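Undergrad: Spelled out, the chains give:
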Amino acid sequence: MNIVACVKQVPDTEAQIKVKPDGSGIDEGGIKWVMNPYDEFGVEEALKMKEKFGGDVTIVCVGPARAMETIRTALAMGADKGIHISDPALENADAYTTASALAAAIKGVPYDVILCGQRAIDDDSGQVGSVLAELLGIPQVTVVTKVDVDGQKVKVVRPIEGAQLVIESALPAVITATKGLNEPRYASLPGIMKAKKKPVDVKDAAALGVSADAKAKVGKFIPPPARPPGKIICADDTPEGKAAEVAKLLREEAKVI
Amino acid sequence: MAKGVWIVAEHRDGALRKVSFELASTARKLADQTGDEVAAVVVGSGVEAMAAELGKYGVDKVFVADNAAFEPYTTDAHAAAVAKAVKDNDPAILLVGASAQGKDLAAALVGKLAAGLATDCTDVKIEDGKLVAVRPMYAGKCFGEVVFNAAPAMASLRPNVFPIVETAKAGAVVKFDAGVDAGALKTKVVEVQKEASGKIDVAEANIIVSGGRGMKGPEGYGILEELAGVLGAAVGASRAAVDAGWRPQSDQVGQTGKVVSPNLYIACGISGAIQHLAGMSSSKYIVAINKDNEAPIFAKADYGVVDDLFKVVPALTTECKKLMA
Ligand SMILES: Cc1cc2nc3c(=O)[nH]c(=O)nc-3n(C[C@H](O)[C@H](O)[C@H](O)COP(=O)(O)OP(=O)(O)OC[C@H]3O[C@@H](n4cnc5c(N)ncnc54)[C@H](O)[C@@H]3O)c2cc1C
Ligand SMILES: Cc1cc2nc3c(=O)[nH]c(=O)nc-3n(C[C@H](O)[C@H](O)[C@H](O)COP(=O)(O)OP(=O)(O)OC[C@H]3O[C@@H](n4cnc5c(N)ncnc54)[C@H](O)[C@@H]3O)c2cc1C
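Just so you know, the protein sequences line up as chains H and P, in that order.
Be aware that the first sequence starts at 1, since it is given in my numbering, and climbs by one per residue.
Be aware that the second sequence starts at 258, since it is given in my numbering, and climbs by one per residue.
Here are some chain H residues the structure puts well away from chain P; computed CB gaps all over 10 Å: (1) Met1; (2) Arg66; (3) Arg72; (4) Gly78; (5) Asp112.
Computed cross-link-like contacts, SDA-like style, restricted to lysine to any residue with a CA-CA straight-line distance of at most 20 Å: (6) P:Lys260 / P:Asp317; (7) P:Lys515 / H:Pro224; (8) P:Lys548 / H:Pro239.
Stretch-level coverage of chain H by chain P, calculated; a stretch enters the list once three of its residues show a Cβ under 8 Å from a Cβ in chain P: (9) 141-148; (10) 161-174.
Hints were generated in silico from the structure; no laboratory data involved.
Remember, it's a predicted structure, so these values are computed and weren't measured experimentally.
Ideal placement from N, C-alpha and C gives every residue a C-beta, glycine not left out.
So that you can see chain P by itself, here it is in the shape it has in the complex (with noise of 0.2 Å):
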């Protein structure tokens, strides 16, 4: 019988991410009610080292496939890693980061697997000893509860919403051979452009300052980059902004976008499209910032300030600059 919660821990230039902790404190809470032992996957070259940490974060024993031909990731050597390992072990559950690799992995997975994925949820629950995900559908429009016929029951959750728990376990690694053959992957990284170091992920921020078609161009943005720099936030965009050429694609939030639940979400010049609404109405609190009173972001927003954005942003960077001081 398949028994046990694992999770893949990801790592990025020779360090886990945070999605790594958030993944083994959830899956420490799922094991206490199940109780199981919690085990993590790490796939990469070096990574020894980075396994053990885990223990602090309730993960029991760390399965570790150590091979060159892991760095970069690539979809069909890392697949092919953790599908092995899950095989030989037979967990009940899997934990995956929905992040732009996890999401990745985990699809693929599916299919090594055959098993059922619910993706990039926002909370994860035992009932009568099984798994049931919860995620957002139709970009956040409504929610389906997910549950499984088929081990392991796999779910990607979303970063930034799981907290992070210390709980001092073993931690022990287990090093496996994953058995990938380098000679036979079909895809490889041949470059990776990094973005101007420092930049924060939309889909991956604490908080959002994001604009619109109201920031009438590129210029426009300087404003909110630095309201961004004062409170450690992304700078999002409507697709407006987006299809404009004003901001990259990566930076567009909505239903053709990045879905993203922030703690807090600043609306500036953005209307409130419906497909922008269900890209950001999970964010903890909304603030939006636009000069008519009938804008349909109002509708969500927690705080709603009517006024000129080119004076309200500037103001509200020195007031946050003199609160955080």
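Chain H with its partners taken away, still in its complex shape (with noise of 0.2 Å):
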């Protein structure tokens, strides 16, 4: 079974978050960089099926130079090769955008199942996996907490408010994974040895013949609006006296309740 798995290279949770002055995009100054933490599921879940069925798992990746070191920590945790579409025209891409250069270089591979995350925890916009699935024409299955494939087709657990659903697709699909699917393994030492040495293929939009032109783009960044600073609340210091007190705040000052 042949599996891809995209990853995107995105800022660690941690990090601080400013905009430019300008509102023209983010200060990137101090950020450190990481592999997009739902993709870390995608990639743990392609290494299980190759595990369990054989075939190679290919990572695919839009990002710019430093987008090579998520590829990496990918093939160190066993993944066999990459593909990096590395193109400063990509830079201001829109999901439609990444997501034609990313079925462009997959259609290139031999592939049963894409792997994609639910949503990348910077843009949070989770439309590539599903985007992709449409320009590929195959089914899509998003948001899964789990997944069984069995020959042909494959069975997913996807929750919605309210309830989980048990869906089935035919294979090839594109499934996106969310928290709960698995535990992302680390790479080992051996594994970081090792994915120095496996092939990544560097292209460009012009060679996947992808338009850069968005189809959405983020005209101005804002920062988020300050909170006023709130109160301590005090009353008679028992915990009863406190409580008391914030359930008259919420009714009356806030009215909330």
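Join these two chains into a complex; the hints should help.
TA: Next comes the structure, spelled out in structure tokens:
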């Protein structure tokens, strides 16, 4: 079975995000870059499938030169090879453009399953996996916590508000991973050594025939509104007194209960 | 030229979901500024009666695709049907709910329509006759104003943020044939496992009572369930509580859980790590109950209580019961 896992490099979750004064973007200074946490679940699931059914795991990533590090991390976890789509023209790519680039690269490799994260934690848009499936003309099952491959079919569990759906899909398909799917492994030291020698193909937009025209773009970045300083409730200094004071404020001042 | 403001109405178990009314009301507001009509798409089986209900919230026209193959929802069937209606009518704006189903549908439509989509928006407005969508990025650490270069301009709206406004319009039903061949569908829902009835999802709740490692164990959540019961709230959790197996994954709030913006968020025994704050700091009001007065959660709280939560929470339940009686 051949598996493709798409990975994006994103700022670490600890990162303090500062908007540039002119609102044109994010100040990238001091940011530590890591593999999107949801993509770790995707890579882990890909490796599990490989262990069970055999085959190859190919990592595909659109990103600047620094994103190579994230591809190497996935290779160190156990993936076999990588495709790095790197092109300054794709710097302002939207989900459609990113998915077009991924689709063009993936068409050149054999695949039965494509794994993505359910969303990238920087842009939070949760679109690329779905768009990729549409562009490849294959089915998709998104935001899943369980995957069982059985021959030419896959059965997944997808939590929605107040319920879990069990969905069956034909293969090949795009599956997007969410937390709860598995526990991603760490790269071992030998894994890291081996990863350095694994093949990574670097491609640009022209080689893939992808146009960089974005359908949507962030016109302006805005820092979140500052929250006014809150109050510490002292009341009569007993838990009961403080609770009574909070309840009163929620009712009379905030008017939310 | 693309024209009109459209919504995709969401329904479950034979009724429209609340987010559909939020979408309709918002679409009406935008259409009044652009001087356009509001149309809704309803895809399902036996949905014509509920389609007419949308007229109350400002919808002029409702496109209905009625077919047994549309129940229950699958991405391939619904995305194909909505894409057909959009391609045939060329709307300028398309709004979808940022619910589990709406997000799934909207992303597939981006692929089918070669469109741009702003996900999980907290505000939408018209500037120079065009849609501008405001959405949190980096889990709320900053916001982006999204502009569009393709039609339809698509936005999914975060549930519970946009007000519901009644405006009587015709809500005239127009049936259309989506041309979906049930036999060609590649995905199928084989089972629906419902959670305990009455459970409110954190992503849709007006009020969330949330507990972290300070709850000490799964039993600790009993007092949060009681407070939540009185307030009609959902119970949320920090990742520490979820990873410890005390609470289900679906309850996790934060950068790798759900990003929420209820009217009221009550954080109990949660320290306020940056990944947790990212998921809830756009809540309208925040109450923090923590025995450590240095906990970072207090920097975000409107009302902070420094004390033992096992004493404060039950007392708060009693007080709320009294006030709300
Ligand atoms: C600082 C900054 C500025 C930006 N500016 C713009 C802008 O001006 N205009 C604009 O339209 N967009 C902009 N974006 C958005 C971003 O560049 C694209 O939308 C992005 O590549 C699409 O991914 P997503 O974050 O929406 O991914 P999602 O759809 O949330 O990701 C889902 C999954 O898809 C896969 N995936 C996503 N991206 C990649 C990738 N690059 N390589 C491999 N797999 C991937 C991963 O498996 C991921 O888990 C900006 C983003 C950032 C961080
Ligand atoms: C990649 C990544 C993603 C992450 N994503 C998320 C996420 O989505 N959501 C999330 O929540 N976290 C996330 N985290 C984890 C985060 O960093 C914190 O570890 C976690 O939020 C801590 O949970 P907590 O506040 O419940 O626990 P702690 O930090 O241990 O805090 C417990 C608090 O309870 C208080 N307390 C204890 N006993 C009492 C008592 N009797 N009365 C009152 N107060 C009491 C303590 O003073 C303390 O402040 C992520 C981390 C990483 C690395």
